[in-house]
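Use these hints to put chain B onto chain A, whose structure you have.
Listed here are the chains, written in short residue letters.
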Amino acid sequence: MDPGLLAQHVFNGLMLGVIYALVAVGFTLFFGVMDVIKFSHGDVVMLGAFTALAVAAGLTGMGVTSHPLMLLGMLVVALGLMAVVGALLARLLVLPLRGAPAINVLLITLMAGTVIREGVRLFYPQGSNPKPFPRLLPGGTVEIGSFTLRHDSAILFVIGVAAIVGVHLTLARTRLGLAIRAVAQDPETASAMGIPFTATVLATFAIGSALAALAGVVNGLYYSEISFNLGLLLGAIGFSAAVVGGLGNVYGAILGGFLFAALQTIGAVALPFASAYKDVFAFAAVIVLMALRPAGLLAERSAERV
Amino acid sequence: MKSASLSVALIIALAGLPVQAKDTVRIAFIGPLTGGVSANGLGGRNSADLAVRLRNADAKTPYTYELVVLDDECKPNVGVQVATKAAADNGIVAGVTHYCSTVAMAAVEVYRKFGLPVVVWGAVLPDITYASDYKEVHRVNGTMINQNEAAARFMTGLKFKRWAVIHDTTDYGKGHNKYFSEDLAKSGGQILGTFGVTADQQDFSAELTKIKELKPEVIYFAGLTPIGVRIRSQMDKLGVKAVFQGTSGIVSDAFIEGLGPLAEGVVAFREGAPAEKLPGGRVFLDAYTKQKYPDDPEAYGPFAFAATTLVMDAIDKVGPDRKKVRAELNRTRDYDSIVGKITFDDHRQNAVPLITKFVVQDGKWLVWEDSDYASGKRALVKK
Numbered sequence: 001m002d003p004g005l006l007a008q009h010v011f012n013g014l015m016l017g018v019i020y021a022l023v024a025v026g027f028t029l030f031f032g033v034m035d036v037i038k039f040s041h042g043d044v045v046m047l048g049a050f051t052a053l054a055v056a057a058g059l060t061g062m063g064v065t066s067h068p069l070m071l072l073g074m075l076v077v078a079l080g081l082m083a084v085v086g087a088l089l090a091r092l093l094v095l096p097l098r099g100a101p102a103i104n105v106l107l108i109t110l111m112a113g114t115v116i117r118e119g120v121r122l123f124y125p126q127g128s129n130p131k132p133f134p135r136l137l138p139g140g141t142v143e144i145g146s147f148t149l150r151h152d153s154a155i156l157f158v159i160g161v162a163a164i165v166g167v168h169l170t171l172a173r174t175r176l177g178l179a180i181r182a183v184a185q186d187p188e189t190a191s192a193m194g195i196p197f198t199a200t201v202l203a204t205f206a207i208g209s210a211l212a213a214l215a216g217v218v219n220g221l222y223y224s225e226i227s228f229n230l231g232l233l234l235g236a237i238g239f240s241a242a243v244v245g246g247l248g249n250v251y252g253a254i255l256g257g258f259l260f261a262a263l264q265t266i267g268a269v270a271l272p273f274a275s276a277y278k279d280v281f282a283f284a285a286v287i288v289l290m291a292l293r294p295a296g297l298l299a300e301r302s303a304e305r306v
Numbered sequence: 001m002k003s004a005s006l007s008v009a010l011i012i013a014l015a016g017l018p019v020q021a022k023d024t025v026r027i028a029f030i031g032p033l034t035g036g037v038s039a040n041g042l043g044g045r046n047s048a049d050l051a052v053r054l055r056n057a058d059a060k061t062p063y064t065y066e067l068v069v070l071d072d073e074c075k076p077n078v079g080v081q082v083a084t085k086a087a088a089d090n091g092i093v094a095g096v097t098h099y100c101s102t103v104a105m106a107a108v109e110v111y112r113k114f115g116l117p118v119v120v121w122g123a124v125l126p127d128i129t130y131a132s133d134y135k136e137v138h139r140v141n142g143t144m145i146n147q148n149e150a151a152a153r154f155m156t157g158l159k160f161k162r163w164a165v166i167h168d169t170t171d172y173g174k175g176h177n178k179y180f181s182e183d184l185a186k187s188g189g190q191i192l193g194t195f196g197v198t199a200d201q202q203d204f205s206a207e208l209t210k211i212k213e214l215k216p217e218v219i220y221f222a223g224l225t226p227i228g229v230r231i232r233s234q235m236d237k238l239g240v241k242a243v244f245q246g247t248s249g250i251v252s253d254a255f256i257e258g259l260g261p262l263a264e265g266v267v268a269f270r271e272g273a274p275a276e277k278l279p280g281g282r283v284f285l286d287a288y289t290k291q292k293y294p295d296d297p298e299a300y301g302p303f304a305f306a307a308t309t310l311v312m313d314a315i316d317k318v319g320p321d322r323k324k325v326r327a328e329l330n331r332t333r334d335y336d337s338i339v340g341k342i343t344f345d346d347h348r349q350n351a352v353p354l355i356t357k358f359v360v361q362d363g364k365w366l367v368w369e370d371s372d373y374a375s376g377k378r379a380l381v382k383k
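Protein chains in written order, with the working numbering: chain A, 1 to 306; chain B, 1 to 383.
In short, the hints are calculated from the structure, not lab data. Given the structure is predicted, the values throughout are model-derived calculations rather than measurements. For each residue, glycine too, the CB sits at the ideal point set by N, CA and C. Hints should not be assumed to be uniformly reliable.
Stated by the list, open to error - Output of the computed footprint for chain B on chain A, the stretches with three or more beta carbons under 8 Å from beta carbons of chain B:
no., region
1, 142–149
2, 184–195
Stated by the list, open to error - Among chain B residues calculated to face chain A with C-beta under 8 Å, some are:
no., residue
3, Lys85
4, Asp89
5, Asn90
6, Gly91
7, Thr169
8, Thr198
9, Val229
10, Arg230
11, Gly239
12, Lys241
13, Glu257
14, Gly258
15, Val381
Said to hold, decoys possible - Simulated DEER-style distance windows between Cβ atoms:
no., chain 1, residue 1, chain 2, residue 2, range
16, A, Val115, B, Asp133, 39 to 49 Å
17, B, Ala379, A, Gly140, 22 to 32 Å
18, B, Asp362, A, Gly145, 31 to 41 Å
19, A, Met62, B, Ala21, 48 to 58 Å
20, B, Glu276, A, Ala57, 21 to 31 Å
21, B, Asp200, A, Leu122, 12 to 22 Å
22, A, Ala299, B, Gly188, 58 to 68 Å
23, A, Pro196, B, Val68, 49 to 59 Å
24, B, Lys277, A, Ala57, 27 to 37 Å
25, B, Asp200, A, Thr189, 39 to 49 Å
26, A, Gly80, B, Ala21, 50 to 60 Å
27, B, Lys161, A, Val165, 41 to 51 Å
Okay, chain A solo, but in the shape it has when bound:
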C-alpha cells in the first residue's frame, strides 16, 4: 500500500482511539470508585457536545466572532456543566443505590441515558436532525503525498492526548488522585483514615463526565456534525474498551480505546469483506480477547485500582 495512505489510515485510527479512550476512562473511573457500570455515560458525551453547540449559537448571537474565544466558552461551559451533571447523576442515582445489586445501577443509568437522549431530541430545536458543528479550528491542510493532515485534526489529537495525560497526572500526583485511589481500593478504610467518601465519589464522577464532555466536543469538531444518538454506539464502544483493557484500570481503558479503533480500522481496510462488517469484526475480536483474558488486558490489581 502507498505509504501516504497507510499514514492516513493510521492517523484516522489514532484519532478514533483518542475519542474512545476519553470515553472509556470515564467508565473505568466510575467502576473503580463505586464498582458500578454507568450506562448513561455515552449520552453525557452527547449532552456535552450539544451544550457546546448551544453555547456556540449563544455566543454567535451575542456577536462574538473570535474563534478561540468561542471555543474557550464552549469548553468551559460544556465541561463544567457535564461535571455538575455527572456529580448529580452520582448523587441522585448511584450513591442512593449503594448496597443494592449492581444491576439496579446499570438499569437506572441506562434509563437516565434514554431520558437525556430523548430530552435532547425533543427539546433541542429540530433535535432529531443531524446538527452541523461549527468549525472553529484552523482548517488548513498539510499534504504529504496522499496523506492529508488537517490542522484541526492534529490540534484535536493533541488536545485529546493532553487530557489523557492530565487524568494520569491528577490520579498519580494530586491529593484528589490519592483520595480517589484510596476509595477505589477500600472505601471503609479510606473513610476511617479521614477521606470523605461521598465527596471523593462525586469528584470522580465530575472528572469522568467532564472528560465525556471533552470527548463530545472533540467528536463534534472532528466530524463537524453531531446527532442526538451519537452516544449510543460511542457508549457501547467506550464500555467495551474499558472492559477489554481491564475495568478499573485507567491505563487499560486507554489501551482498550486505541485497540478498538485499531480493530475497526483493520476491519475496514485490511480484511476482504465489506467494510460494513468492521464493527462485527471489532466486537468479535473483543469477545475473543475477553474469553482469553476475562479480567482484561491490564487486569486490575488489588493493590492499585483506578
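Frame of chain A; chain B shown alone:
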C-alpha cells in the same frame, strides 16, 4: 375552483365553527416519528394530518375522520408491531403507511394477514409492491428503479465515467446499489469500488481513505440523510475531491441544515416534481403553512397528503368497510391529486414517470434545470 373551496374550508376550520354530528372513521398513519429520519416522518404525518383537517372542515363529507398516528421508528421490528396494532384494530379502516423501505417490506405481510388496505406514501423499494401480489398494498410514490435509470443516464450524460459506491446495508441501500450499478453499466459508467456501511455508522474515514486511493469522479451514496451528512462532511476532511451524488433519501432540508456550505453542488434524484411545481403544490404548501406545523413537509409530504386524500375519497364513496375500500383503491385510475394523476398498475403501483434532478445551490435543493449548474454559471467539478 378547487383551490378556492379548499381555502374556504380552511377558513371554516380555523374559525372553529361547529360541524354537524357525523360518524367518525379512523385511519392510521405510520411513519418514522423518532430517530434519524424523523424529519421526513413528521413532515409526512403533518401532511396527512392536514389532509384530514381539510376534509373534516368540509361540511359535505359524509364522515368525520380521525387520524391514528403511529411511530415505526424506521425499525422493521417496531414497524411490524405498530402495523399489527393498526391492522388488528377493526375500527381502523385503512392506512397511510411507511417512509422506510425496510419497514414497509416487513409490514406488508401484516396488512395482508389482517386485510387492512394501505397506501404507501414514501418508501421506494420496488419489492414492496412488486415482490408479492397483495391486494391490500398500494403505493402513490414511484420506485427506485425509475430513479436510478434516470440518475445513471443523466450523470453519464455529464461526461462522468468513474464512480465509487457507498450504500447502507439495509434493503434500501442495497436496492439502490443494485439498480444503479445495473443502469450505470448500461450507460457506460464504471464502478471502481463498492462499500457497504451500517445505517448508523459514525466514522467513514477508513472507507473514504480507500476511495481516495481509487480516485473516482463521483461518489454515489445510497442511504438516508444522517449518514449522508457524515460522509459528505468527512470527504472534505480527508481531501476526497469527488462529486457527491445521492438518492431520494437525502433530498431533505435536514441534509442541507446538517452540512451548511458543504452541501453545495450535491446532486440527487427523486421521483415526482418538487412540491411547488406539482399541480396542486401551491395550494398544499399554503394550507400547510397556515397550520403552523413546527416541521417542514419535506420531500414526501405531498405524497402523504395525496395518499390520505385518496384513502378518504375511497371511504367517502363506498363506506368504512375494509374490503370495499380495498376494491375501490384497487380500481384507482386517472385520479386527480396534488402529485398529479394517480393510476395503479396490476401491482397497485402508481406510475410516476417524472424523475426530478436536484442540485444544492446556495443552501437550497433546486431543480437542476433551474440551477446555475445547468446554465453553466457554476460547475460540479471545480477546475
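Requested in this report: Go through the hint on B/Arg230 and say holds or violated, using the shortest Cβ distance to chain A against 8 Å.
Outcome: holds, 6 Å
**OP:** Indicate whether the distance between the beta carbons of B/Asp200 and A/Thr189 respects the range 39 to 49 Å.
**Re:** Given a distance of about 45 Å, which is inside 39 to 49 Å, the answer is holds.
| query | Does the interface hint hold: is B/Gly91 within less than 8 Å of chain A, judged Cβ to Cβ? | reply | At 29 Å from the nearest chain A Cβ, B/Gly91 fails the 8 Å test, so the hint is violated.
With chain A as the partner, please determine if B/Val229 meets the hint condition of a C-beta pair closer than 8 Å.
-> With Cβ-Cβ at 5 Å, under 8 Å, it holds.
Query raised in the report: Should the hint that B/Lys161 and A/Val165 are 41 to 51 Å apart at their CB atoms be regarded as holding?
Result: Holds, at about 49 Å.
- Query: Is the gap between the beta carbons of B/Glu276 and A/Ala57 within 21 to 31 Å?
  - Reply: Hint holds: Cβ distance 30 Å, inside 21 to 31 Å.
Whether the CB-CB distance between B/Lys277 and A/Ala57 falls inside 27 to 37 Å
Distance hint for B/Lys277, A/Ala57 holds at roughly 34 Å.
Exercise. Return holds or violated for the Cβ distance of B/Ala379 and A/Gly140 against the range 22 to 32 Å.
Key: holds, 24 Å
| task | Go through the hint on B/Asp89 and say holds or violated, using the shortest Cβ distance to chain A against 8 Å. | result | Violated, about 26 Å.
message: Let's test the interface hint: is any C-beta of chain A closer than 8 Å to that of B/Glu257?
response: holds, 6 Å
Is the distance from the Cβ of A/Val115 to the Cβ of B/Asp133 consistent with 39 to 49 Å?
-> Check passed, 45 Å falls within 39 to 49 Å.
Starting from the range 48 to 58 Å, see whether the pair A/Met62 and B/Ala21 falls in it by beta-carbon distance. Since the Cβ atoms of A/Met62 and B/Ala21 sit about 55 Å apart, the hinted range of 48 to 58 Å holds.
Violated hints, in rising order: 2, 3, 4, 5, 6, 12, 15; the structure is consistent with all others.
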